[in-house]
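Student: Spelled out from the first residue to the last, the chains are:
Number of protein chains: 2
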Amino acid sequence: MCEDGFFDYLRGIDCSDVEVYAIPEGTVVFPKVPLLRIEGPVAVVQLLETPFVNLINFASLVTTNAARHRFVAGKSKTLLEFGLRRAQGPDGGVSASKYCYIGGFDATSNVAAGRLFGIPLRGTHSHAFVSSYMSFDEIADKALRTKDGSSTCEDFVSLVQKWLNKIKWSNSFRGIFSETNQSELAAFTSYALAFPDNFLALVDTYDVIRSGIPNFCAVALALSDLGYKAVGIRLDSGDLAYLSCETRKLFCSIEKEYELSYFGKMSITASNDLNEETLDALNKQGHEVDAYGIGTYLVTCYAQAALGVVFKLVEINNQPRIKLSEDVSKVSIPCKKRIYRLYGKETYPLVDIITGENEPPPKVGERILCRHPFQESKRAYVVPQHVEELLRCYCAGSSDKKQETLPPLKDIRDRCIKQLEQMRRDHMRRLNPTPYKVSVSAKLYDFIHFLWLNEAPVGELQ
Amino acid sequence: MCEDGFFDYLRGIDCSDVEVYAIPEGTVVFPKVPLLRIEGPVAVVQLLETPFVNLINFASLVTTNAARHRFVAGKSKTLLEFGLRRAQGPDGGVSASKYCYIGGFDATSNVAAGRLFGIPLRGTHSHAFVSSYMSFDEIADKALRTKDGSSTCEDFVSLVQKWLNKIKWSNSFRGIFSETNQSELAAFTSYALAFPDNFLALVDTYDVIRSGIPNFCAVALALSDLGYKAVGIRLDSGDLAYLSCETRKLFCSIEKEYELSYFGKMSITASNDLNEETLDALNKQGHEVDAYGIGTYLVTCYAQAALGVVFKLVEINNQPRIKLSEDVSKVSIPCKKRIYRLYGKETYPLVDIITGENEPPPKVGERILCRHPFQESKRAYVVPQHVEELLRCYCAGSSDKKQETLPPLKDIRDRCIKQLEQMRRDHMRRLNPTPYKVSVSAKLYDFIHFLWLNEAPVGELQ
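Heads up: the protein sequence lines correspond to chains A and B, in order.
Residue numbering for the first sequence is 1 to 462, as defined by the UniProt record's numbering.
Residue numbering for the second sequence is 1 to 462, as defined by the UniProt record's numbering.
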């Protein structure tokens, strides 16, 4: 074990001299670009390695994963994060909810995250809520006031039963069901009595088409009599493409049969182990889903469960440092650096360029050579029309630099969505995207390779 | 958003009537066996669904993943958990460290987890520590007392340099290096001055064979002159099988050349994106690694990033409840239940059997019919020689039941390791293991299928 003195040392650590430069949260970033630049006393900054890498890796990964799901689902769909139960403990779940929201999700079912960060909360009742009911006898208070408050229906339960009998012989449901599950109907009725303005029912506890949908429609039609509009249903199992299309057909048929203009457009939410691939497959097959609840594959980042962000010493006492490796992708780029994003005439970014701290910045309208950091032959001249410096000071330490303020979560989310929309389409392809180019200045290129030769030990061939 | 009143309600929730029955932590468990049985007021217990599932899913998954890594690595290797930087935030990392220890890891590099749970702490210095040094000039205090305290070497740095020159022309290193990286040598020397009893060096910052190993050996031999034994090295890149074998050869050669009996047996730790497959490949190829540091693939459970534990209502007001699904694996087993693990004459368990709460328990020496919960034809008679009831009371609520006490973490870990060792070997195969059988009593079988027929709505074929 550690000596106790080490914990005392940790407790007493003074971070007041540490400067933090970071790319604003919600920015699209690429491999090799430093996300943070930390300056400060070497012992303190080395102890910060693990906390910083811990805080950045999962946050960046799950935001990216959320953005990928949004990209496949399309802008018009509502995306709900349902992942708390699969996250790495309560805190893992809260991080997941926060960063999925930044990545473009609309809401979370994680009530704590909603409370902490003001993320919109959405969810439905559980299967257990449905199966906790046995019959209508459990509903004590059967009265419901009409939406306009003008009168009260004393027996909403009878109204629901009347509607169920009516639709059983309707054109819409002819031959679809003989008897629906009565405990499910009791649960839906009870839920509607409590939330007449927010009636969204989970319809797959027993059988979607033979029980869940007719029971839902009976309650929704009873609500309609009292001036309320039901919200819709959630499907949590089975063939979501087929079931959503069948449900939509029934909703539209009822709209027509009973002249209820909103009925066909009610919301259909789908869940059940959804991921990028299943969303893509649903799109290809055709479906009638309006909203997706996504959990497991989203928060665990199932398709790629880890991001490999690392923290490297690049300069000490004004001396550049390099970490070599047999694997070129693991060689670090030395020196205190600046990063610029260069834009052309279009709105999308062309290339990122990394320079030494004291090099003159790229100038609008002036040609600049952008070099691949490790491959000599890869280089291009760029004439930027707009130059954006990426690293900003978020913690000035004991320097007198101006500190950026942290924007509200909503603004970070807006930035993220906007940045993704600005990217050139071929960088955004799901299969074989064109890699976005990250370059170094000519001066930095020469310096990297000078150091590399200098630091790498020379062997003797036997 | 939620109404504020809901948060007030959550704050005021009274869990004093909730009873929790659980399988002791560290027990080997199988699909379909309930890990917990919760009893209490329906509203409170429904709100506990997400917290319980959140707390159980990742903990069980990562413990299993750790146990799988231990199984492949073998009992004799030291396993170090290095995953904090890839976990879902600080709390995710602490959970990962705790449960990897239960699953059979020996230590963690997560200092907070060590402090919180008494898990042994192990780690090495970082690459940044190596590259933070430029030269010997940075070492202010060069004196080191001998291990026995009898005298002081006033210039340990010169002693290291003397040894480096000596081994350069030794039989062991002939032709291997001409010059090693001097900042690396300064870093190793400085580390040895601070921790002469715990000198374990990360040797791949520049070049393992040409720089890291000779530098390490020079420092280790200088330490040896003063009576200290170096611990060993860590490899964090490159071909770990090859590099570990080459390193071992050099260590053994030095042992012989300088008559230092411990030198050949020094510890070689390997890290760098290790997982079950790479451990298996290393075993097949042959290697000289004594300890593995495993991070990313361990804590993110990369091979299967989520476990699908769910929480179902099975009984309310003494009435059994069932959740149906088109997918048989999602049909819940109704009723308040007991679970027994049946053992035969050997020490390994034969089968788990789930019964209704009030059925007589299986008896030693008495034949009992074990049925597959859903397939009518699958059944077997078992005559148990030992019967273990799995669910124990950990929270008695307002009942007068005796509560189990929670054992220390070390005991949970011992239980887990012992249970895994007891399993029949064919259940433990990595490829196509024989599934362990989980059964229900004849009475429960009949009841499940009676309820299923009763609850499932009947359709009409068109």
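Keep in mind that a hint or two might mislead.
Since the list gives no way to pick one copy over another, a pair counts as held whenever it fits inside one copy or between any two copies.
Calculated pairs, SDA-like style, for lysine to any residue (alpha carbon to alpha carbon, straight line, at most 25 Å) [said to hold, decoys possible]: (1) K249 with R379; (2) K77 with D17; (3) K401 with G26; (4) K330 with A303; (5) K437 with A43; (6) K418 with R392; (7) K410 with P90; (8) K249 with K437; (9) K437 with Y228; (10) K32 with K312; (11) K410 with N454; (12) K418 with G12; (13) K168 with K437; (14) K166 with E246.
Calculated directly from the structure, the hints in this document are not laboratory data.
Student: All the hints need checking, so say for each whether the structure fits it.
Tutor: Against the structure, the hints:
Proximity of K249 to R379 under the C-alpha cut-off of 25 Å is found in neither arrangement, the shortest distances being 57 Å within a copy and 44 Å between copies. When the C-alpha separation of K77 and D17 is checked against a cutoff of 25 Å, the pair qualifies neither within a copy, at 46 Å, nor between copies, at 42 Å. For the homomeric pair K401 and G26, the shortest alpha-carbon distance inside one copy (23 Å) is at most 25 Å, but the shortest distance between copies (53 Å) is not. In this assembly of identical chains, the alpha carbons of K330 and A303 lie at most 25 Å apart whether taken from the same copy (23 Å) or from different copies (23 Å).
Taking the closest pair of Cα atoms, K437 and A43 never come within 25 Å of each other, the shortest separation being 34 Å inside a single copy and 55 Å across copies. Taking the shortest alpha-carbon separations for K418 and R392, only the intra-copy value of 19 Å comes in at or below 25 Å, while the best inter-copy value is 54 Å. For a Cα distance limit of 25 Å, the shortest separation of K410 from P90 qualifies both inside one copy, at 22 Å, and across copies, at 24 Å. In this assembly of identical chains, the alpha carbons of K249 and K437 never lie at most 25 Å apart, being 48 Å within a copy and 44 Å across copies at closest.
Taking the shortest Cα distances, K437 and Y228 never come within 25 Å of each other, neither inside one copy (55 Å) nor across copies (51 Å). In this homomeric assembly, K32 and K312 come within 25 Å of each other (Cα to Cα) only inside a single copy, at 12 Å, whereas the closest approach across copies is 47 Å. When the C-alpha separation of K410 and N454 is checked against a cutoff of 25 Å, the pair qualifies neither within a copy, at 48 Å, nor between copies, at 50 Å. For a Cα distance limit of 25 Å, the shortest separation of K418 from G12 qualifies neither inside one copy, at 42 Å, nor across copies, at 42 Å.
When the C-alpha separation of K168 and K437 is checked against a cutoff of 25 Å, the pair qualifies neither within a copy, at 62 Å, nor between copies, at 44 Å. Taking CA atoms no more than 25 Å apart as the test, K166 paired with E246 passes inside one copy only; the shortest distance there is 20 Å, against 83 Å between copies.
When each numbered hint is compared with the structure, violations occur for hints 1, 2, 5, 8, 9, 11, 12 and 13.
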